[in-house]
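> Residue numbers (my numbering), protein chains in the order written: chain A, 4 to 173; chain B, 1342 to 1566; chain C, 52 to 292; chain D, 1011 to 1234.
Note that these hints are calculated values from the structure, not bench results. Please note that a few of the clues may not be correct.
[To be verified] No more than 30 Å apart at the CA atoms, straight line, and that leaves these computed lysine-lysine pairs for DSS-like: (1) C:Lys-158 with C:Lys-278; (2) C:Lys-216 with A:Lys-157; (3) D:Lys-1148 with B:Lys-1413; (4) A:Lys-114 with A:Lys-98; (5) C:Lys-277 with C:Lys-126; (6) C:Lys-64 with C:Lys-126; (7) A:Lys-154 with C:Lys-158; (8) D:Lys-1081 with D:Lys-1148; (9) D:Lys-1139 with D:Lys-1124; (10) D:Lys-1216 with C:Lys-277; (11) A:Lys-154 with C:Lys-216; (12) D:Lys-1139 with B:Lys-1413; (13) D:Lys-1124 with D:Lys-1204; (14) C:Lys-277 with C:Lys-64; (15) D:Lys-1148 with B:Lys-1346; (16) D:Lys-1216 with C:Lys-278; (17) D:Lys-1204 with D:Lys-1148; (18) D:Lys-1148 with D:Lys-1124; (19) A:Lys-154 with C:Lys-278; (20) D:Lys-1081 with D:Lys-1216; (21) D:Lys-1124 with B:Lys-1346; (22) A:Lys-98 with A:Lys-154; (23) C:Lys-278 with C:Lys-64; (24) D:Lys-1204 with D:Lys-1216; (25) A:Lys-157 with C:Lys-277; (26) D:Lys-1081 with C:Lys-126; (27) C:Lys-158 with A:Lys-58; (28) C:Lys-64 with A:Lys-157; (29) C:Lys-158 with C:Lys-216; (30) B:Lys-1413 with D:Lys-1204; (31) A:Lys-98 with A:Lys-58; (32) C:Lys-278 with A:Lys-98; (33) D:Lys-1139 with B:Lys-1346; (34) B:Lys-1346 with B:Lys-1413; (35) B:Lys-1346 with D:Lys-1081.
For reference, the chains in residue letters:
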Amino acid sequence: MTGLYTRWALILGVTLLLAILTFQHYQQHLATLPMGTLLSSPPSSQPVRIQGMVKSGTLQGEVEQGQATFEFVDGPASLVVEYEGPPLENIRELKTLVLIGRWDSQNQVFKAQETALINNFGFVAAAYLVSVLGLGWMVFAMSQRVMVLFKEIKESKLYEPEADSLGYKE
Amino acid sequence: MPFFKTIRWVVWKDLISEWRTRETMSSMLFFALIVILVFSFSFSMDQDAARQLIAGIIWVAFTFTGIIGLGKSFTSELQNDCLESLQMSPAPKGAIYLGKTAANFLFMLSVEILLFPLFVLFFNLDVIEAVGTLLIIFFLATLGLSAVGTLFSALTVQIRAREVMLPVLLLPLAVPVMIAAVEATRGALSGDPFSFYSQWIQLLTIFDIIFTVVSFWLFEFILDS
Amino acid sequence: MINRIIRQIQRYKGWFGGGAALCIFLGLYTGLLASPPDYYQGELVRIMYVHVPLAHTSTLAYSVLFGGSIWYLWKRDPLVDNMCQASASICALFTALALITGSIWAKPTWNTWWTWDPRLVSFTVLLLILGGYLMLRRLVDDPVRGGRYAAILAIVGGIDLPIIKFSVEWWRTLHQPMSFSTRGVSISEDILIPLTLMSIGCWLLFAYMVMVRTQILYLTELLHAKKGRLLSQTHFSQTTP
Amino acid sequence: MIAIQVNSLSKAYGFYRIFEDLSFDVHPGECFALFGPNGAGKTTLLRILATLQAPSHGQFTIFGQDGVAQKDTVREIIMLIAHGSHLYDELSATENLQFALGLRGQAPSPPQIKRALDRTGIGAFADLKIRQFSAGMKKRLDFAKTILAQPQLLLLDEPYNALDHAGVAITNQLIQETLDRAGTVFMTTHDRDKATQIATRGGILKGGHLHLLSSEQLTTDAIF
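Please model the entire structure based on the sequences and the hints provided.
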């Protein structure tokens, strides 16, 4: 009995560890900073991710060569972006996207080096939760059932030791 | 040959019993009639919409009607424990299966042929040129349904909740027959050239062959001790 | 023969469980953390790392059920019947999870929860057949007859499933050209590592689950046997002339 | 050759054991009557011999044919008259006979059928549907079937149920005829008075075991 629960405590521990690591990874590398927060309390020079839309009529420069300047809007807030990085067809007017770069507070310019796709992480989380919880619950219920059956067989007074791999051993 | 004689005896027995009571056929016919009426009330259809939907409606009506007939096929064997006598008769079990399938096939096909004019009447269909191909389609699809259906009718007859279990087990397996029959019927009714939908008829033929052979072999295990 | 093999493998089922846990944890780690996002699908590609292995495993589970059913009809080994029943219920779980994760992936990718894609239809029909299989087993009073009937259903279903998939594929292509490919465009190494790890993990997990479930069914019968022996003893102890 | 040879036969439903380790022989020309209380497994044993159920353990042979492996051969030489009459309600008596014998690969001529029906006392109802038959008439029709089929082994499950005095007399007479043409009869019954008139040997199945009775023991009261 205790063996089963220690094993499952271990499995639960590793799963939780993975979940925490994933959440940290999300916080550090994937979550976007709201543009308002970026403007009101600009972080020091580490790179941040912001999400917004390219304002129409403001896109200038050679996107195919990987150079562009445009205004980037997120709700009421907006800022000027200088993009310099790998050539991408992702930057278009009225396109919503995620930019990765640094906020230059002296020139009031966001220097972007990379773009990323917009992702709804809820779907990924839902898929993983459903499958991990579904499988985990099923396997746990099954292992517990085996334990209960062993106990019942032992307790029924007619118990005889069954000398094979499917029956009782320990 | 005892094999073919057995088939003949089983068909003969089923046809005579049916002829005397007309129980299965009349319940199938009335049920199908009600289905047609319900469909025509639920979709108030003009000519164009009818042409789009009618193939599906025809086959839904035919399939559910067929399930009624198939369900009755083996429950009639439960009277006086006749199933037991089939089980312990020295006749080859495959022949009994083929006989039962042939009887079911005949019931279903004749109900379909009786009903089809009503579809033409109620839904204003234009079928003069397509009658020949439609008959081929009805023949093949009904054969497929009765081949699998007879096996599952025998399988569900001795279990609890058999009226529910027959459609539950049969309908998922009949998906290819349904798709092929509906597509071919739609093609025939809308006056497409034969080559447009001949592949569906091929699919029906393949399905019929595979499942008659498979059910023929598996039927023995149903009537097994 | 199969009986002895099953019993032999049962002895090592802990290794299967452990291996499954290891592979799945490594797969989750690489899939969630270590692998980069896909160029086209972005982070959504990570759903594939659970969805594809689940779908593969459910086909594997049905193959086991199909083969086991044929073997059971041939040799009438009750342990094989237990194994078939175990694979059926586990196959149903894997199929349901594969359908759910597929649906979750389809919503952001195709902007719909459901489409009449051949794979989706055949998996749905598979789930329906498995539901019928599990219901059938409960509805037959005599367990031996139930096993035989269920085996017949599994064999007919196993032959029917490729035909269903084929016919739905035909049906779809006739009505509209396939507007989207189901899987990622090209499989790069970054995708391959977590996918392989998760696939192996799911296969091992399936093997482990089948063993445990078979054991549960066997032990339940053993318990019934003990109770039945008690009943039989009263029956046998009736005064004899 | 031995008509029925049963060798350590056992039957269990799931894990509930009906009987265990039965062994007995029945020789051609014998009428074996199996007695026993309700639920003792008489009918189960009969159904196993009729190849309707499989035994859990053990073997039996019918005229040298293995009852499990050579089922189809066994089925050609045996016939069962059970609680259910195995008759189709919508067919007439004649048609039922034709169908039942047709499945056995036989084709009796109309005069033969007429004679068999007359012998069992239902010749007047030859063209009546079975739906209108009483239970006793159905049983007589079953006996008419055996007259035509002439099985080597006749298995009877409670043959005297639903029969009047004349029916019992005809039954016993038909059993005697079967015995006379070196056929074998195996019946289960709880009607000792009627069975002992015709049975040559018997047994009591009780508590999962069989106690064989010789023909002398059959008529003494002490054993029951």
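> All the hints need checking, so say for each whether the structure fits it.
Evaluated hints:
Note on Lys-158 of chain C and Lys-278 of chain C: the hinted pairing is violated, with a Cα-Cα distance of about 52 Å set against a maximum of 30 Å. Of the pairs offered as hints, the one joining Lys-216 of chain C and Lys-157 of chain A is violated, with about 48 Å between alpha carbons and a cut-off of 30 Å exceeded. Under the criterion of a C-alpha separation no larger than 30 Å, the hint pairing Lys-1148 of chain D with Lys-1413 of chain B is consistent with the structure, at around 23 Å. Distance restraint check for Lys-114 of chain A and Lys-98 of chain A: the Cα-Cα separation of roughly 18 Å lies within the 30 Å cut-off, and the hinted pair is therefore satisfied.
Between Lys-277 of chain C and Lys-126 of chain C, the direct Cα distance comes to roughly 26 Å. Compliance with the 30 Å bound is thereby established for this hinted pair. A C-alpha spacing of about 25 Å is found between Lys-64 of chain C and Lys-126 of chain C, which places the hinted pair at or below 30 Å, so the restraint holds. Between the alpha carbons of Lys-154 of chain A and Lys-158 of chain C the distance comes to roughly 46 Å, so the proposed pair goes past 30 Å and is violated. Straight-line distance between C-alpha atoms of Lys-1081 of chain D and Lys-1148 of chain D comes to about 27 Å, which keeps the hinted pair within the 30 Å bound.
Pair hint Lys-1139 of chain D plus Lys-1124 of chain D holds up; C-alpha atoms about 16 Å apart against a cutoff of 30 Å. Straight-line distance between C-alpha atoms of Lys-1216 of chain D and Lys-277 of chain C comes to about 22 Å, which keeps the hinted pair within the 30 Å bound. For the proposed pair Lys-154 of chain A and Lys-216 of chain C, the alpha carbon gap of about 46 Å is over 30 Å, so the pair is violated. A distance of roughly 20 Å separates the Cα atoms of Lys-1139 of chain D and Lys-1413 of chain B; the hinted pair therefore holds under the 30 Å criterion.
Taking the CA atoms of Lys-1124 of chain D and Lys-1204 of chain D, the gap is near 28 Å; set against the 30 Å cutoff, the hint holds. Taking the CA atoms of Lys-277 of chain C and Lys-64 of chain C, the gap is about 26 Å. The hint holds against a cut of 30 Å. Between Lys-1148 of chain D and Lys-1346 of chain B the alpha-carbon distance is near 26 Å, which keeps this suggested pair within the 30 Å criterion. Distance restraint check for Lys-1216 of chain D and Lys-278 of chain C: the Cα-Cα separation of roughly 21 Å lies within the 30 Å cut-off, and the hinted pair is therefore satisfied.
A hinted pair counts as satisfied when its Cα atoms are at most 30 Å apart, and Lys-1204 of chain D with Lys-1148 of chain D qualifies at roughly 20 Å. The suggested pairing of Lys-1148 of chain D with Lys-1124 of chain D holds, with an alpha-carbon distance near 16 Å, which does not exceed 30 Å. For the hint pairing Lys-154 of chain A with Lys-278 of chain C, the CA-to-CA distance comes to about 15 Å; that is within 30 Å, so the pair holds. Distance check on the hinted pair: Lys-1081 of chain D and Lys-1216 of chain D sit about 28 Å apart at the alpha-carbon level, within 30 Å; holds.
Proposed proximity of Lys-1124 of chain D and Lys-1346 of chain B is supported: the alpha carbons are some 23 Å apart, at most 30 Å. Only pairs whose Cα atoms come within 30 Å are accepted, and Lys-98 of chain A paired with Lys-154 of chain A is rejected, the gap being roughly 63 Å. With a CA separation close to 28 Å, the supplied pair Lys-278 of chain C and Lys-64 of chain C stays within the 30 Å bound. Distance hint between Lys-1204 of chain D and Lys-1216 of chain D is fulfilled; the C-alpha atoms sit about 20 Å from each other, no more than 30 Å.
Distance check on the hinted pair: Lys-157 of chain A and Lys-277 of chain C sit about 11 Å apart at the alpha-carbon level, within 30 Å; holds. A threshold of 30 Å between alpha carbons decides the hint, and for Lys-1081 of chain D with Lys-126 of chain C the separation of about 17 Å falls inside it, so the pair holds. The straight-line distance between the Cα atoms of Lys-158 of chain C and Lys-58 of chain A is roughly 28 Å, inside the 30 Å bound, and the hint therefore holds. The hinted pair formed by Lys-64 of chain C and Lys-157 of chain A meets the criterion: a straight-line CA distance of about 22 Å does not exceed 30 Å.
Taken as a hint, the Lys-158 of chain C and Lys-216 of chain C pair is honoured in the structure, with Cα atoms around 22 Å apart against an allowance of 30 Å. For the suggested pair Lys-1413 of chain B and Lys-1204 of chain D, the alpha carbons sit about 40 Å apart, so the restraint of at most 30 Å is broken. With a C-alpha separation of about 8 Å, the suggested pair Lys-98 of chain A and Lys-58 of chain A falls inside the 30 Å cut-off, and the hint holds. Under the criterion of a C-alpha separation no larger than 30 Å, the hint pairing Lys-278 of chain C with Lys-98 of chain A is inconsistent with the structure, at around 71 Å.
Between Lys-1139 of chain D and Lys-1346 of chain B the CA atoms are separated by roughly 24 Å; this keeps the pair inside 30 Å, and the hint holds. Taken as a hint, the Lys-1346 of chain B and Lys-1413 of chain B pair is honoured in the structure, with Cα atoms around 24 Å apart against an allowance of 30 Å. Restraint check for Lys-1346 of chain B and Lys-1081 of chain D: satisfied, since their Cα atoms lie roughly 21 Å apart, inside the 30 Å limit.
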